[in-house]
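K.L.:
Working from the sequences, and respecting the hints, build out all of it.
Numbering-wise, the sequence shown is residues 1024 to 1335 according to my numbering.
Hints were generated in silico from the structure; no laboratory data involved.
Fair warning: there could be bad hints in the mix.
As the list claims (entries may be wrong) - Below, in silico cross-link-like pairs of lysine to aspartate or glutamate (DMTMM-like), each with a Cα-Cα straight-line distance of 25 Å or less:
| no. | residue 1 | residue 2 |
| --- | --- | --- |
| 1 | Lys1191 | Glu1282 |
| 2 | Lys1243 | Asp1057 |
| 3 | Lys1243 | Glu1302 |
| 4 | Lys1243 | Glu1282 |
| 5 | Lys1243 | Glu1309 |
| 6 | Lys1243 | Glu1038 |
| 7 | Lys1243 | Glu1067 |
Stated by the list, open to error - Taking CB as the label site, the calculated pair distances span:
| no. | residue 1 | residue 2 | range |
| --- | --- | --- | --- |
| 8 | Tyr1086 | Phe1222 | 47 to 57 Å |
| 9 | Gly1063 | Gly1170 | 43 to 53 Å |
| 10 | Ser1264 | Gly1063 | 40 to 50 Å |
| 11 | Val1151 | Asn1033 | 45 to 55 Å |
| 12 | Glu1302 | Phe1276 | 31 to 41 Å |
Glycine is no exception: its CB is placed at the ideal position from the N, C-alpha and C atoms.
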Amino acid sequence: MTYVSNDPSNWPYLEWSRRYNYFIVASLVTVIYDWVLTFGQEIELIWRQRCSLMNILYVCVRYTGILFLIVYILANFQVSITDAVSNTIWFIQAWTPAIINAMLGVIMTTRIHAMYQGSKRILIFLLVVLLACTIASVVMTVIGNIGVSGVENILSGNHQCSENMSAKDARLNAETSIPATIWEILALCLAVWIVIKHFRELQKSPTGANIRDCFTVLMKSHVLYFVAVAVVSCFNLGTLSPSLSSFSVGVSFYYGIGEVAQAMQLFVLGPRLILSLREYHAQLVESSDEGTCITTMDFHDRGYAALTSGSV
1024 MTYVSNDPSN WPYLEWSRRY NYFIVASLVT VIYDWVLTFG QEIELIWRQR CSLMNILYVC
1084 VRYTGILFLI VYILANFQVS ITDAVSNTIW FIQAWTPAII NAMLGVIMTT RIHAMYQGSK
1144 RILIFLLVVL LACTIASVVM TVIGNIGVSG VENILSGNHQ CSENMSAKDA RLNAETSIPA
1204 TIWEILALCL AVWIVIKHFR ELQKSPTGAN IRDCFTVLMK SHVLYFVAVA VVSCFNLGTL
1264 SPSLSSFSVG VSFYYGIGEV AQAMQLFVLG PRLILSLREY HAQLVESSDE GTCITTMDFH
1324 DRGYAALTSG SV
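P.N.:
Shown next as structure tokens:
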């Protein structure tokens, strides 16, 4: 049902919404810029490789992110939309982050599994924890959106897509990032532990430098991604503060920066978890005449693999 109002008391909200929309556009520009920047690598390292789970996940994360932000912007265009379209837009906005986080969890599981040299025990442990955290996020999202639907608001002639959500539901939706944060903390701890362990073991190894370089690439992208996850989680939990219930400039900037941070985490640093390692592996193969007898991670043919000389 469309809500129509010409009440001047809505003007502060309209100004707040307009400022917030600038950050949504900035998020899309950032994601597209990164896509253009890495498109050459994507062609070489993704599209020209045989189909694999990592390829599929990369394409899904990268291009879903672009479409998601485009839909987000279209939802705020000053045009008339039906309630059915509003419902669809809200469904996309509510569920896309949860789905993408689950995909990134699979990518992270693959990386850590490979770092632990294909240990079945660590794989089972990672899958159980990831599944538990994903189920928790899904259940919280479902409960937080029961009875919630998208509606069209016409405020002083401005058409907007909104949702009829209670404060309790909004709080639960903000808390859906907690299970994902727990998962990322565990993943980071496991990665740091195995890297420290390998660095100690490889101090006197003749091929230790190459392996350390590989783990350095892994940890660099992993730490950057974890920092982004932590920032997004802090912003999401910060929205629970009563002081952020006003329509001030500071509040609009807070929500806007959180939106940009989430786009960076999901749709920029997420795909780079795959690209960074594949690029390193391609450079390693190119610089070697016959291949180097080292253990590294392969994201080409399988989700993980221990590579030795001539196995690429």
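K.L.:
Compare the structure with each hint and give your call.
P.N.:
Hints, one by one, checked against the model:
1. Between Lys1191 and Glu1282 the alpha-carbon distance is near 21 Å, which keeps this suggested pair within the 25 Å criterion.
2. Restraint check for Lys1243 and Asp1057: the C-alpha separation of about 18 Å stays at or below 25 Å, so the hint holds.
3. Restraint check for Lys1243 and Glu1302: the C-alpha separation of about 14 Å stays at or below 25 Å, so the hint holds.
4. A C-alpha spacing of about 23 Å is found between Lys1243 and Glu1282, which places the hinted pair at or below 25 Å, so the restraint holds.
5. Between Lys1243 and Glu1309 the CA atoms are separated by roughly 22 Å; this keeps the pair inside 25 Å, and the hint holds.
6. Restraint check for Lys1243 and Glu1038: the C-alpha separation of about 40 Å exceeds 25 Å, so the hint is violated.
7. This hinted pair checks out: Lys1243 and Glu1067 have alpha carbons roughly 22 Å apart, not beyond 25 Å.
8. Here the CB-CB span from Tyr1086 to Phe1222 is close to 37 Å, at odds with the stated 47 to 57 Å.
9. Take Gly1063 and Gly1170: their Cβ atoms lie about 47 Å apart, and the range 43 to 53 Å holds.
10. Taken as a hint, the range 40 to 50 Å holds for the pair Ser1264 and Gly1063, whose Cβ atoms sit roughly 43 Å apart.
11. About 48 Å separates the C-beta atoms of Val1151 and Asn1033, a value consistent with the hinted range of 45 to 55 Å.
12. Hint check: Glu1302 to Phe1276, Cβ distance near 35 Å, so the stated range 31 to 41 Å holds.
Comparing the model with each numbered hint stated earlier shows that hints 6 and 8 do not hold.
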